[in-house]
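Novice: Residue numbers (our numbering), protein chains in the order written: chain H, 119 to 245; chain W, 7 to 620.
Hints may be right or wrong, so weigh each one.
Said to hold, decoys possible - Stretch by stretch, here's where chain W covers chain H in the computed footprint (C-beta under 8 Å, at least three residues): (1) 127-137; (2) 169-176; (3) 214-227.
Claimed, not checked - Cβ-to-Cβ under 7 Å is the rule here; a few derived chain H residues that face chain W: (4) Arg121; (5) Thr123; (6) Ser193; (7) Ser203; (8) Val211; (9) Lys230; (10) Val231.
In short, the hints are calculated from the structure, not lab data.
Idealized CB from N, CA, C, for every residue including glycine.
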Amino acid sequence: MPRLTVEDLKRIKEQHKAAFTVREGGARVKITVHMGTCGIAAGARRVMETLLSEINRQGLTDVIVTTSGCAGLCSKEPMATVEVSKEAPVKYVQLDEEKIKRILLEHINQGKVVEEFALVTGNETAI
Amino acid sequence: MDKYRCNVMLCGGTGCSAGGSLKIKEALQQGLKERGMEDEVNIQLTSCNGFCPQGPIMIIYPDDVLYQKVSPKDVTAIIEEHLIKGRPVERLLYKEPAKKQSIPTVKDIPFFNKQVLRALKNKGLIDPENIDEYIARDGYQAAAKALLEMTPEEIIEVVKDSGLRGRGGAGALTGMKWQICAQSKAPEKFIVCNRSIIEVEPHLILEGMIIGARAIGASQGYIYVRSGAPIIIERLKKALTQAREYGLLGENILESGFNFDIELFMSSDEFVCGEETALLMSIQSMRGMPTPRPPFPAEKGLWDMPTVINTVETFANIPLIIQNGAQWFRSVGTEKSAGTKIFSLSGALNNTGLIEVPMGITLKSIIDDIGGGLIKGRRFKAVQVGGSTGGYIPEQYLDVPVTYEDVTQLDAIIGSGGIAVLSDLNCMVSSAKFTIEFAVDESCGKCPPCRIGTSVMLELLNKVTTGTATEEDIDLMEDLAFDIKTTSLCGLGQTAMNPVLSTIRFFREEYLEHINDKWCKAGVCKELCTFYIDKEKCIGCGACARICPKKAISGEKKKPHQIDQSSCIQCRSCYETCKFNALKIGPRRMREELMNSDIPENSTAEESSKEVAG
Ligand SMILES: Cc1cc2nc3c(=O)[nH]c(=O)nc-3n(C[C@H](O)[C@H](O)[C@H](O)COP(=O)(O)O)c2cc1C
Ligand code: SF4
Ligand code: SF4
Ligand code: SF4
Ligand code: FES
Numbered sequence: 119m120p121r122l123t124v125e126d127l128k129r130i131k132e133q134h135k136a137a138f139t140v141r142e143g144g145a146r147v148k149i150t151v152h153m154g155t156c157g158i159a160a161g162a163r164r165v166m167e168t169l170l171s172e173i174n175r176q177g178l179t180d181v182i183v184t185t186s187g188c189a190g191l192c193s194k195e196p197m198a199t200v201e202v203s204k205e206a207p208v209k210y211v212q213l214d215e216e217k218i219k220r221i222l223l224e225h226i227n228q229g230k231v232v233e234e235f236a237l238v239t240g241n242e243t244a245i
Numbered sequence: 007m008d009k010y011r012c013n014v015m016l017c018g019g020t021g022c023s024a025g026g027s028l029k030i031k032e033a034l035q036q037g038l039k040e041r042g043m044e045d046e047v048n049i050q051l052t053s054c055n056g057f058c059p060q061g062p063i064m065i066i067y068p069d070d071v072l073y074q075k076v077s078p079k080d081v082t083a084i085i086e087e088h089l090i091k092g093r094p095v096e097r098l099l100y101k102e103p104a105k106k107q108s109i110p111t112v113k114d115i116p117f118f119n120k121q122v123l124r125a126l127k128n129k130g131l132i133d134p135e136n137i138d139e140y141i142a143r144d145g146y147q148a149a150a151k152a153l154l155e156m157t158p159e160e161i162i163e164v165v166k167d168s169g170l171r172g173r174g175g176a177g178a179l180t181g182m183k184w185q186i187c188a189q190s191k192a193p194e195k196f197i198v199c200n201r202s203i204i205e206v207e208p209h210l211i212l213e214g215m216i217i218g219a220r221a222i223g224a225s226q227g228y229i230y231v232r233s234g235a236p237i238i239i240e241r242l243k244k245a246l247t248q249a250r251e252y253g254l255l256g257e258n259i260l261e262s263g264f265n266f267d268i269e270l271f272m273s274s275d276e277f278v279c280g281e282e283t284a285l286l287m288s289i290q291s292m293r294g295m296p297t298p299r300p301p302f303p304a305e306k307g308l309w310d311m312p313t314v315i316n317t318v319e320t321f322a323n324i325p326l327i328i329q330n331g332a333q334w335f336r337s338v339g340t341e342k343s344a345g346t347k348i349f350s351l352s353g354a355l356n357n358t359g360l361i362e363v364p365m366g367i368t369l370k371s372i373i374d375d376i377g378g379g380l381i382k383g384r385r386f387k388a389v390q391v392g393g394s395t396g397g398y399i400p401e402q403y404l405d406v407p408v409t410y411e412d413v414t415q416l417d418a419i420i421g422s423g424g425i426a427v428l429s430d431l432n433c434m435v436s437s438a439k440f441t442i443e444f445a446v447d448e449s450c451g452k453c454p455p456c457r458i459g460t461s462v463m464l465e466l467l468n469k470v471t472t473g474t475a476t477e478e479d480i481d482l483m484e485d486l487a488f489d490i491k492t493t494s495l496c497g498l499g500q501t502a503m504n505p506v507l508s509t510i511r512f513f514r515e516e517y518l519e520h521i522n523d524k525w526c527k528a529g530v531c532k533e534l535c536t537f538y539i540d541k542e543k544c545i546g547c548g549a550c551a552r553i554c555p556k557k558a559i560s561g562e563k564k565k566p567h568q569i570d571q572s573s574c575i576q577c578r579s580c581y582e583t584c585k586f587n588a589l590k591i592g593p594r595r596m597r598e599e600l601m602n603s604d605i606p607e608n609s610t611a612e613e614s615s616k617e618v619a620g
């Protein structure tokens, strides 16, 4: 291991930012994937995996991903709720790998809700 | 660095490790692997969360959910319910004592949210064995600032301005101590970290010591560790290795031109070896006995060179002061007792453990808000402040702010930071006696007041607890305690009398009950109590009879029970068991009265032999 300089201290801190966003809170975006039995059957796990690997690949440090149980709309699974801080949550339905990638690109990175996959835009909060 | 959606922080402090954290970790890893989730969920061992009696503790982020008393068999439910479906596992959640309501998140549990975390800011949040995680939480930034941007004088000035006082003993001003050492023209200086039961991140100690070394001009430091703390020793060793690899210890630290290294020194188990002058002797391979001060270690310490000795918690505050400034440090606490203090909270409370609170907080707030009040059925009697040699404070002073000055006024000390709550089940005379027994055992024998005085004191207290003392003995004890306190060489003799002095001062009537009525109302002094059953109140549930180790209690179901006084050994188990307030503690004379008069209708002996047979 090399001897550190002050710049190295900053670099190490930066590298671990993502982990501490998860632990300390204060993320800009929270994505909740609904993982009830119905959701898992419909492919929620694949959606989750795609989401995580994309977040990793793009090095996003201010996005956290959590899970919740069945959202009560089994026919529309897999579902995910996207909450950008200070904005109303958006529920996306009947997701697959390609759709979640587009949501990540357009909604999370560019700030535009992907209306065609969205269920409702309301002030309900995912638990 | 892989991003995990979820971080499972498993407490790896001493308590939780003993409770099986490692087994839980293995079970979790196994379970996640089976479900192909090992890249989604990160499992991390952390340092002590301070909630040890409820351990093993697990906190899951980002949900901030705390699980207590976790065991490997809970792992499946945690994965299936929480990690997959996002639903907390109800039965493992912390329950509010009074309402029995679950509180899932750490931020809502009063034990945690009433604390102010500074020295413990990383507790439960980082892996204590990974220097990168410490750096990620601003670690070593203060060392960099102190080494590259500040002069030694500036460091000392900030520490002085902060008002930081030593957290391990008498509360000496840390900045003053450093200044005395720094101003000496001696060719060499040393810095020592004294042992502690408090578990903080190892790197926080190293960073505090690096800054201190720079301030006083030391190139060698020592950490005095308790030999009976293998986990802490292991972590410190790893931390030292990592810090050296990163060039944070050794030569030319952070390219500043400053050289400094630290060595671990295993302490002996003797209590007195934590006293600073005795500590110096033992590092120099001599018998750990205190020496007179002055000269103070800051003037003449290790190998006669100026030496700064601070405790773990003092060093843990240093990086924060350097980074945030003296005014920030003073933003909590009082004028003369600035900042926070870590206490080990124990006794008859709902929540116990290691806590960090602002100085100046009242004892009442510590007991009620953080401690969650007394456990069900118990009444508050006293609170001992300052660890084993701390004084006992009664209920009427619970509004007193916890500061160095206020606590000393009440014959208590901040000392090692122990706070123990005593209830109606504690006898104050016996509690004082316990400390004196400790002092007799731990006295190094160097000075007569402590060596001889503590033994004489123990004899006097024994007279009280066995009912052979007179009222004059109380005055004798007070005088003797005062003499020992004022003439002993070191803090052991000087503080060991606090429990005697404070109990005589605040609980004199309890001494008088022992002496005149031969009555220990708490049922602790076996020779001064009689256990009996109030026939009016007893519903005959039989709980006491089942618990009695001597089968001394008998009675028909749903009829009042009675105690056979000749078999009773005054163990108090029955008293603690009865839920109907039917078990009573009377004075010694009742025993004979009961044995002679009150012969029960149905013979007790017959009844109890039936029970044994059945
Ligand atoms: C009998 C006795 C035992 C002590 N044991 C310890 C100890 O184990 N750890 C400790 O930090 N201080 C202990 N102290 C206090 C030290 O002598 C010393 O005051 C303290 O370490 C100084 O650090 P501080 O200025 O940071 O508080 C003890 C004092 C006495 C009188
Ligand atoms: S006060 Fe007690 S422990 Fe301290 S030096 Fe004297 S005899 Fe030893
Ligand atoms: S526990 Fe109490 S109520 Fe029950 S039998 Fe014993 S004294 Fe009576
Ligand atoms: S004090 Fe102990 S020995 Fe005596 S009656 Fe109660 S339980 Fe039995
Ligand atoms: S060791 Fe886990 S809470 Fe203290």
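Novice: Could you run down the list of hints and mark each one as holding or not?
Specialist: Quick rundown of the hints versus the structure:
Here the segment 127-137 of chain H counts 8 residues with a CB under 8 Å from a CB of chain W, which clears the bar of 3, and the coverage holds. Remark: the segment 169-176 of chain H is confirmed as covered by chain W, as 3 of its residues place a Cβ nearer than 8 Å to a Cβ of that chain, reaching the required three. Beta-carbon proximity to chain W at under 8 Å applies to 0 residues in the segment 214-227 of chain H; the threshold of 3 is not reached and the given coverage is violated. With 7 Å as the threshold, the beta carbon of Arg121 of chain H comes within range of chain W, its nearest partner Cβ sitting at about 3 Å, so the hint holds.
Checking Thr123 of chain H against chain W by beta carbon gives a least distance of about 6 Å; that is within 7 Å, so the hint holds. Contact between Ser193 of chain H and chain W, as hinted, is not supported at the beta carbon level, the nearest pair being about 19 Å apart and thus beyond 7 Å. With 7 Å as the threshold, the beta carbon of Ser203 of chain H stays out of range of chain W, its nearest partner Cβ sitting at about 13 Å, so the hint is violated. With a least beta-carbon distance of about 18 Å to chain W, the hint placing Val211 of chain H at the interface is violated under the 7 Å criterion.
For Lys230 of chain H, the interface hint is violated, since its Cβ never comes within 7 Å of a Cβ in chain W; the closest pair sits about 24 Å apart. At about 22 Å, the closest approach between the beta carbon of Val231 of chain H and any beta carbon in chain W exceeds 7 Å, and the interface hint on this residue is violated.
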